[in-house]
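J.: Respectively, the protein sequence lines represent chains A and B.
So the first sequence is numbered by my numbering: it starts at 22 and just counts up by one.
So the second sequence is numbered by my numbering: it starts at 209 and just counts up by one.
Bear in mind the hints are in silico, worked out from the structure with no lab data behind them.
A couple of the hints might just be wrong.
In silico lysine-lysine, DSBU-like type, Cα no more than 35 Å apart, as pairs [to be verified]:
no.	chain 1	residue 1	chain 2	residue 2
1	A	K282	B	K317
2	A	K179	A	K205
3	A	K185	A	K205
4	B	K369	B	K487
5	A	K205	B	K487
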Amino acid sequence: MSTYYAQLLLNGVIAGSVYAIFAVGLTMVYGVFRFINFAHGELIAWGAYLTLLFSQVLPFSVAVAPALALTMILGISQDRCVYSPLRRRGRITLLIASIGLSYLLRNALRLVWGSDLQTYGFEAVRGISFGGLSITRTQLAMVVAALLFLGFLYGLLKFTMLGKSLRAAADNMELAELMGIDMKRVGTTVWTLSALFAGVGGILIGLDTNLEPMMGLTNLIKSFAAVLLGGAGNVWGALLGGLLIGIAENLGVAFFSPGYKDAVSFALIVLLLLFRPAGIFGIIGGVR
Amino acid sequence: MDYLLHTLVVSVIYSAFAVSLNLELGLTGLYNFGHVAFFGIGAYASALLSLAGIPAAGSLFLGMAAAGAAGALIAVPALRLTGDYFGIATLAFGEMIRLFSLNERWLTKGPMGLPGIPRPFGIHGGVSGLPFYLLLSVVLGVGVFLLAYRLTHSPFGRALKVVREDEYVAQALGKNVLSLKVRIVTVGSLLAGLAGALYGHYITYISPSDFTLNETILVLLCVVLGGRGTPWGPVLGAFLVIFFQEFLRFLPIPVDFGRVVAPLQGMVYGAALILLMLKRPEGILPEYRI
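In isolation and in its complexed conformation, chain A is listed as follows:
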């Protein structure tokens, strides 16, 4: 019985590492621009579907590159075409535009690829098992990729000038601008990173399960729960939040019907809003 729970825990860590990637991207945008990008979920889905498109002509490992590049371009153009002109208009305008954009992108996806489930067409492989637990190669890759990308982010934020200016902008945008930090460059970096992380996570989810047009929305809600858990704008909080969401929803399978797996993150959102609105770590503020 204990291996059953250990397996659920392991599955939780695997799912959670991908949620962490999403949540980090979402919270970075929030940290700098102070708004929740509802279209973040669509970057996840587009990353996954574009890889599907390119993998029909290219080997899969090569197809990832143009797909991610296009996802990043999509992320930057979101900002250039919609969010940037609306920045001074007030939040409600920005949010309505953002939910409109997510709806536009999701339906564009359905238009091109249809509403059916799709897969990358890899054969199911037997998992590697050790001590009664099993993990597939894809899942192993998910954890490794999450570690790699988050490590890259850590290095960027901590040791480079660009990362420092990013943190400064998240802390106080006006002050950062006064200190001569190029806000345009910071903005572009944030959107590129956020889209890159969304695309990578989307591909990993597509590899592990399947692709469907609604994958953006479900994952957006989970990443939002993770962002809230960690405290909005807090990158490392979002990382831990993602892991916790993954573990919670997989352990939840042991107690509720699996149909409610996606509802776990919602229940967590409500509980958090009731008891710890500042996130479990109680830190409100920018990228630290």
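For chain A, the structure is supplied; the task is to place chain B on it using the hints.
T.: Frame of chain A, contents of chain B only:
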């Protein structure tokens, strides 16, 4: 002719739905992105009660009460935080209600939906009942409109506008912001529930796929297109959007393209929201500001 009547009924129901959203979004500045949940709760509660034998005229109001109660329940935690959080929390709530109606088969029959919902006051289910149902929805719709109109112009409504413009000012004036918001969300959910119940009894068949994010976007577009914060805006928006949607059915679209129509329509709605925000965020009928 019957088709026109049908379009009118749907437009009136959506007007009531849009008016209820406008109370939250336009008047108070609360981004409720899961308003369809209350529409759905109203529809399901009323349908289930009337299928259980309660006269539909009564179940209509019980469904409304159920939606209001759900609104009050969810408002208290969700409104603890302002701004974007409320948006996502309500979006998630909408999905949660959809999951609930999909999974709790003992209650909602899951994806099969609930067929054969009776119409109230002995109105016939078929085409012959259309004029009477239109009358019923107009009466209730006008009631909703008048209530919202009175609310907007009452001291309560003015306090809500202050909350929208600046919460700190409202607090400084001695208003209890949380209580104001909880009350308006409750009213908004009540009215959305009534609209939902009316919809369910009109269509006579509901399933979880009737209450998805698409309906949220549709009603959001109604409010934003007509004009946020104005009494007439949502009504105008609802008529325009519903007539546009029903008009599309008359276009000579080849059967092969049927598959692409729904996503294209969704793209148009999404693009319309973005363009409105970029070019004319105040909508067709701008709110009068001093």
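J.: Now look at each hint and say whether the structure bears it out.
T.: Okay, the hints, checked on the actual structure:
{"no.": "1", "hint": "A/K282 <-> B/K317", "result": "holds, 20 Å"}
{"no.": "2", "hint": "A/K179 <-> A/K205", "result": "holds, 20 Å"}
{"no.": "3", "hint": "A/K185 <-> A/K205", "result": "holds, 15 Å"}
{"no.": "4", "hint": "B/K369 <-> B/K487", "result": "holds, 23 Å"}
{"no.": "5", "hint": "A/K205 <-> B/K487", "result": "holds, 23 Å"}
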